[in-house]
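Using the sequences and the hints given, assemble the complete structure.
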Amino acid sequence: MKNRVVITGMGIWSCLGTSLDEVRDSLYTGKSGIVFNPERKQAGFRSALCADVALPDLKPFIPRNMRQFMPEEAQYAYMATRQALENAQLDLDYIEKHEVGIIYGNDSVAEATMHALDKFREFQDTAACGSGAIFQSMNSTVTMNLACLFRLRGINLTASAACASGSQSIGLASLLIRNGLQECVVCGGAQEANMYSVAAFDGIQSFSVREDDPARASRPFDRDRDGLVPGGGAATVILESYEHAVRRGAPILGEIVSWGFSSNGDHISTPNVEGPVRSLELCLKNGGITSSQIEYINAHATSTHIGDIREAQAIARIFGDRNVPVTSTKSQTGHEMWMAGASEIIYSMLMMKNDFIAGNLNFENPDEETACINVVPERQETHFDMFLSNSFGFGGTNSTLIVKNL
Amino acid sequence: MTREEIVTQVNDLLAEEFEVDAATFTPEANVKETLNLDSLSLVDLVALVQQTYKIKIPVEELRSIQTFNNLYDYIESHLPNE
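Protein sequence lines, in the order shown, are assigned to chains A and B.
The numbering of the first sequence is the numbering used here, which starts it at 357 and goes up by one.
The numbering of the second sequence is the numbering used here, which starts it at 16 and goes up by one.
Calculated directly from the structure, the hints in this document are not laboratory data.
In this text the structure is predicted, and so the values were computed from the model without any measurement.
All C-beta atoms, glycine included, are put in the ideal place defined by N, C-alpha and C.
There may be inaccurate statements among the hints.
Examples of chain A residues toward chain B, derived with CB under 7 Å [unchecked claim]: (1) Phe479; (2) Ala483; (3) Gly486; (4) Ala555.
The following block contains the structure:
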C-alpha cells in the first residue's frame, strides 16, 4: 500500500513578494518582477535585465556564528522555510520529537565561492577565506544550513538538476513518502540572484536584451521573444503522508499525485521534444491520470526561441486538441532556475486555491510552432482542481509534477 | 598608529564583525569568551586581522592571545613600519 503525499505548507521569497498573500496578489494583478540593473551593465553584461529580489535581514532570527555559513540563496531558503513551517503548523518542538527530512534544489553558489577564493588569492593564505567559506561554497549549502537551523533529522539531500532542481526535489521527496521511508519532508528550491551567478549564462547570449522595457522582456511562447531573464529567491513546500498530516491535524492544501522524469540524452543546451514527452507520459502513467483530467499546465517555458517551441510541441503531442490552458509564470518572474520547479508549484497552488489562472504576460502572437497549444494571455477567473507543472534543465534533465486540489 | 588608535579601531572592527557591544570589551577580558568565538569563528578573527593590518597570526601564537590586551599588543608589535 503506497502512501498518499500531501502539501501542508508553503513559503516563498520571490520577486513577486515575500509572503504567500503578496505573491498571490502579484499573480492576480499580473505584476512583473523584472527590472533593469545598471550595475550589471557597468560590469559588462550583455543584458542587464533581472528579477528584483529583496535581500532578507536574518539578524533577528539567527546568531552571527550561524549566519556565517549562509550564502544568499540559503538566506532566501531560510525565510521561505520559516513561512512554510508556520503555514504547515510545524513548530520546532514537534520537529525535535519527530523525524523530518529535507530535500532542496540548488545548483550553484557562485558569489560565495568567488568571494572566498578572491580572499585566498589576494592574501595567499587559506585562513583569509574565513570560517563560513567552506559551508557557503558547497552546492549542498542550503540543505546543510536548514537542517541545522531547523533541527531536521530525516533525509538530508540536495537535488542538483539544473533548472529542474526544485521540481526534482519535490519528486524525490514524494517518492520517499509514498514508499513509507519518510513521513514528512521539507522541500523546495533556491536560486542566488546576484550577477556573478549568471555572468557566464549571459555570456552565451541566452538573455533577453529588451532592456528598454523590462516588464515586457520575458515573453514565453510569444513570437517576438528573444531570451530569458534571470531571477532568484527560494520556495519551500512541506510534504507529508496523508496519514501523518491527518494525525497531527495539519492543514492539507493539495496532493502530489504523481512525478515523471526523463533525460534527453542529447544536446547539453538545446532541448528536444522526445525527452519532455517521456517525462509527461511517465507522470500521467505513474499517477493513473489521463490527459483529460489536467485542467491547467504551468509550463517550463523560459522565453527562449527553441525551448518554448520544443515544450509546446511536447505538450501538443500529449494533450492533442484538448485546449488545456497553458501559461508560464516566468513571464512575471523571469527564470528562477534552481528554484523554479518549486516556486511554480506554489504559484500554481495559489492560483488553484484562489480560482484564477494568471495570464501569460506579453503573449501577443504565437509563432508557427507555439500556436499548437492554448496559451492564455489574460487572467482567467476559473476553478480548477488538477494541474501539471513542467521543469526542464541543461543537460536534458526533465521533471513533471501533477498536483490535485484537496 | 598610536596604541589608543589601535584599541579604538580594533574594538570597532570586532564589534561589527562579531556583533557584540564594544562596551563589554575590557583590556583583561577574554577575547574568545567575550566575542562568543568557537573553533570555527576564531578563523574569522585571524582573517579580520590579516585583511585589516596585513598581519598573519600563526596558530601557535594565536593560543597566546587570551585577552584584548594580548590582541592589541600583538597587532601593535607586528604592524609594518610606516
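**Request:** So, Gly486/A near chain B? Judge it on the closest CB pair being under 7 Å.
**Result:** It holds, given that the least Cβ distance between Gly486/A and chain B is near 5 Å, below 7 Å.
Interface hint outcome for Ala555/A [beta carbon to chain B under 7 Å]:
Hint violated; Ala555/A Cβ to chain B Cβ min 25 Å, cut 7 Å.
> Is the shortest C-beta separation between Phe479/A and chain B less than 7 Å?
Replying inline: Holds, about 6 Å.
Check: With 7 Å as the cut and Cβ atoms as the points, is Ala483/A at the interface with chain B?
Finding: holds (5 Å)
In summary, the structure is inconsistent with hint 4 from the numbered list given earlier, while agreeing with all the others.
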